[in-house]
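Per the numbering used here, the sequence shown runs over residues 233 to 363.
Because the hints were derived from the structure by calculation, they are not lab data. One or more hints might be untrue.
In the DSS-like style, the derived pairs of lysine-lysine whose C-alpha atoms are separated by at most 30 Å in a straight line are [as the list claims (entries may be wrong)]:
id, residue 1, residue 2
1, K305, K328
2, K293, K328
3, K305, K285
4, K328, K362
5, K272, K328
6, K272, K285
7, K285, K328
8, K293, K305
9, K293, K272
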Amino acid sequence: PLALMLSQSTTDSKSSLISGATVTICHGDTHLNNLTWYCKNSDIVISTVGRAKVVQHRMIKEGVVVIDVGISKSWTDKAVTSKRCFLGDVDFDEVKLVARWITPVSGGVSRITVACLVSNLLELARQRQKK
Numbered sequence: 233p234l235a236l237m238l239s240q241s242t243t244d245s246k247s248s249l250i251s252g253a254t255v256t257i258c259h260g261d262t263h264l265n266n267l268t269w270y271c272k273n274s275d276i277v278i279s280t281v282g283r284a285k286v287v288q289h290r291m292i293k294e295g296v297v298v299i300d301v302g303i304s305k306s307w308t309d310k311a312v313t314s315k316r317c318f319l320g321d322v323d324f325d326e327v328k329l330v331a332r333w334i335t336p337v338s339g340g341v342s343r344i345t346v347a348c349l350v351s352n353l354l355e356l357a358r359q360r361q362k363k
């Protein structure tokens with residue numbers, strides 16, 4: 233599979249490479265035309281840039297797997313009250329129509345992060361108990 237990692241910097245991306253995949257890393261400032269080409273030619277898109285809705289549905293091919301790690305704060309006016317919400321790098325409502333699988337911003341990757349943390353803590357406890 234071809235994977236695209238859209239990241240704020242290339243240094244924090246090197247440890248996140250997907251085993252068995254050809255991985256392309258694009259910086260957050262990659263020109264939109266180039267970014268669109270890479271997205272359209274990828275089977276997996278992982279975005280960690282922290283820019284709201286930078287990945288649009290027109291940039292994604294049908295059947296892609298999208299992992300949205302990036303979060304940005306946004307203020308939206310709803311009726312009389314202002315409400316702060318978190319937006320992902322991916323336009324979730326549009327991209328979910330063409331993606332095979334997509335993580336939501338709220339409750340998406342954070343659950344995986346917590347599960348990995350608990351798994352690591354249990355492994356450390358087992359190792360410590362053996363000593």
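Original post:
Hint numbers the structure violates, sorted upward?
Top reply: 4
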